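Asker: Use the sequences and the hints to build the structure in full.
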Amino acid sequence: MRLLSNALIQLNARTHRTWALPILLYSPTARCNSRCVSCDWWRSDGATDLDRGAIEALCAELPALRTKLVVFTGGEPLVRDDVFDLADLFRARGVALHLLTSGLALEKLAPQVAARFDAVTVSLDGHTPELYRAVRGVNGLGAVERGVRRLKELRPDLPVRARSTLHRKNFRALPDLIEKSAAMGLDEISFLAADVSSDAFGRGPALPKPGAALPEGPDVPRAGAALPVAGAGLASPHHLLLDEGEIGEFERVIAKALLHHRAAFARGQVAERGDRLRRLARYYRARLGQGPFPAVQCNAPWASAVVEADGTVRPCFFQPAIGNLREKGLRALLDDEMVRFRRGLDVARDETCRQCVCSLNVRWRTRLW
23 MRLLSNALIQ LNARTHRTWA LPILLYSPTA RCNSRCVSCD WWRSDGATDL DRGAIEALCA
83 ELPALRTKLV VFTGGEPLVR DDVFDLADLF RARGVALHLL TSGLALEKLA PQVAARFDAV
143 TVSLDGHTPE LYRAVRGVNG LGAVERGVRR LKELRPDLPV RARSTLHRKN FRALPDLIEK
203 SAAMGLDEIS FLAADVSSDA FGRGPALPKP GAALPEGPDV PRAGAALPVA GAGLASPHHL
263 LLDEGEIGEF ERVIAKALLH HRAAFARGQV AERGDRLRRL ARYYRARLGQ GPFPAVQCNA
323 PWASAVVEAD GTVRPCFFQP AIGNLREKGL RALLDDEMVR FRRGLDVARD ETCRQCVCSL
383 NVRWRTRLW
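Each residue of the sequence shown is one higher than the one before, starting from 23 at the first, in the numbering used here.
The set of hints was computed from the structure by calculation and includes no laboratory data.
Computed from a prediction, not measured in an experiment: that's the story for all the values here.
Every residue gets a Cβ at the ideal spot worked out from N, C-alpha and C, and that includes glycine.
Misleading hints may appear alongside valid ones.
Simulated crosslink set (SDA-like; lysine to any residue; CA at most 25 Å straight-line) [unchecked claim]:
{"no.": "1", "residue 1": "Lys278", "residue 2": "Gly290"}
{"no.": "2", "residue 1": "Lys90", "residue 2": "Lys278"}
{"no.": "3", "residue 1": "Lys278", "residue 2": "Cys320"}
{"no.": "4", "residue 1": "Lys130", "residue 2": "Lys90"}
FRET-style restraints, in silico, Cβ to Cβ [said to hold, decoys possible]:
{"no.": "5", "residue 1": "Leu180", "residue 2": "Gly267", "range": "38 to 48 Å"}
{"no.": "6", "residue 1": "Glu271", "residue 2": "Gly75", "range": "45 to 55 Å"}
{"no.": "7", "residue 1": "Ala285", "residue 2": "Ala82", "range": "45 to 55 Å"}
{"no.": "8", "residue 1": "Ala343", "residue 2": "Ala82", "range": "18 to 28 Å"}
{"no.": "9", "residue 1": "Asp110", "residue 2": "Thr70", "range": "15 to 25 Å"}
{"no.": "10", "residue 1": "Ala343", "residue 2": "Arg371", "range": "52 to 62 Å"}
{"no.": "11", "residue 1": "Pro133", "residue 2": "Arg362", "range": "24 to 34 Å"}
{"no.": "12", "residue 1": "Glu349", "residue 2": "Lys278", "range": "29 to 39 Å"}
{"no.": "13", "residue 1": "Leu214", "residue 2": "Arg36", "range": "25 to 35 Å"}
{"no.": "14", "residue 1": "Asp368", "residue 2": "Ala343", "range": "34 to 44 Å"}
{"no.": "15", "residue 1": "Gly267", "residue 2": "Ala114", "range": "50 to 60 Å"}
Answerer: Listed below in structure tokens is the structure:
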């Protein structure tokens with residue numbers, strides 16, 4: 023079945039039609055229980071979240087689309103009161119469920135999560151309570167640790183991973199985050215650079231173009247300065263960019279991590295190895311206009327779709343919306359607006375794709391579920 027789904031993705035890419043949509047990323051709510059420096063979902067009150075009826079209609083379309091994997095993403099899925107009822111709706115359609123979560127509510131909700139999800143990814147952006155709070159705006163590292171431990175007690179076989187977004191505030195902690203993830207019993211940790219060029223994650227239009235000078239002023243933290251709690255005056259995510267000196271330091275941090283944690287890389291504890299990890303520093307250097315962005319190979323718009331909490335449908339997290347489920351069903355959007363979008367997209371040249379921090383490239387033998 024996996025080979026068939028992957029083959030149909032290749033056919034999607036050749037024809038721009040949707041012969042199958044194996045992967046759907048769905049946000050149950052725009053609300054969040056963190057206040058991260060890289061995201062504005064926490065500002066939402068969830069008033070425009072889709073109701074159960076609209077979600078039932080979405081689920082009813084999935085079998086005909088050959089959807090195999092649904093990823094609950096955010097906002098923070100676990101703050102929605104009926105999130106497990108919604109999970110059951112999707113599971114009834116025969117899909118695998120993955121959960122992307124802050125992890126703050128895992129300890130309390132571990133039994134329900136363990137019973138429904140096939141993989142869980144928690145956000146881990148700081149290895150100490152102080153750094154975690156500075157990046158994510160809440161004093162939550164202990165809660166995440168307890169939640170992971172409880173989940174592992176209930177389902178030792180459940181893959182529980184970490185994802186860390188590295189930027190000015192926490193890039194020096196890369197080796198510590200590798201060690202912390204292992205100490206927490208997490209199966210893997212992956213690293214991303216901070217997206218600063220799109221309107222994703224509840225933000226409005228952002229940021230300076232590559233090569234533009236970083237802003238200065240009393241509200242702009244510099245290297246080594248203490249950031250305010252997320253949401254307390256950070257106007258846009260360009261505050262997360264590294265300056266030239268910090269990028270050089272980041273390159274040395276990466277080299278040190280590759281050397282001193284080679285056993286962790288060898289056993290697959292870190293998703294990115296070698297050049298894939300060095301790409302993070304090259305991305306920040308490109309943001310200063312000091313070289314090209316790392317080449318992106320991605321077929322996400324042909325393999326998946328993103329449904330945001332209010333019904334907005336996107337080809338991926340970062341590309342513009344193609345429509346809304348309140349006005350048109352998913353199949354209809356895929357057959358019309360998505361076809362036009364795909365035909366006009368050149369991943370190698372598109373500015374959004376060139377600056378992407380999180381690409382998806384499904385090949386013939388890629389395993390995603």
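Asker: Quick check: does the Cβ-Cβ distance between Asp110 and Thr70 fall within 15 to 25 Å?
Answerer: holds, 23 Å
Asker: How does the Cβ-Cβ distance of Leu180 and Gly267 compare with 38 to 48 Å: does it lie in that range?
Answerer: Check passed, 42 Å falls within 38 to 48 Å.
Asker: Can the suggested window of 52 to 62 Å be confirmed for the beta-carbon pair Ala343 and Arg371?
Answerer: At roughly 21 Å between Cβ atoms, Arg371 and Ala343 fall outside 52 to 62 Å, so the hint is violated.
Asker: Could you grab the alpha-carbon distance between Lys278 and Gly290 and see if it respects the 25 Å cut-off?
Answerer: Answer holds: Lys278 to Gly290 is near 17 Å, not above 25 Å.
Asker: State, for the Cβ atoms of Gly267 and Ala114, whether the hinted interval 50 to 60 Å holds or is violated.
Answerer: Taking Cβ atoms as reference, Gly267 and Ala114 lie about 54 Å apart, which means the hint holds.
Asker: Mind checking the hinted window 18 to 28 Å against the Cβ distance between Ala343 and Ala82?
Answerer: holds, 22 Å
Asker: Keeping to a limit of 25 Å between CA atoms, is the pair of Lys278 and Cys320 held or broken?
Answerer: violated, 29 Å
Asker: A range of 29 to 39 Å was offered for this pair. Does it hold for the Cβ distance of Glu349 and Lys278?
Answerer: violated, 52 Å
Asker: With a cut-off of 25 Å on the C-alpha distance, tell me whether Lys90 and Lys278 pass.
Answerer: violated, 39 Å
Asker: Run the distance test for Lys130 versus Lys90: straight-line Cα separation, threshold 25 Å.
Answerer: violated, 28 Å
Asker: Hint says 34 to 44 Å; check whether the CB-CB distance for Asp368 and Ala343 agrees.
Answerer: Roughly 20 Å apart at Cβ, these two residues miss the hinted range, so it is violated.
Asker: Taking the CB of Leu214 and the CB of Arg36, does the distance hold inside 25 to 35 Å?
Answerer: holds, 30 Å
The structure does not agree with the numbered hints 2, 3, 4, 10, 11, 12 and 14 stated previously, though it agrees with the rest.
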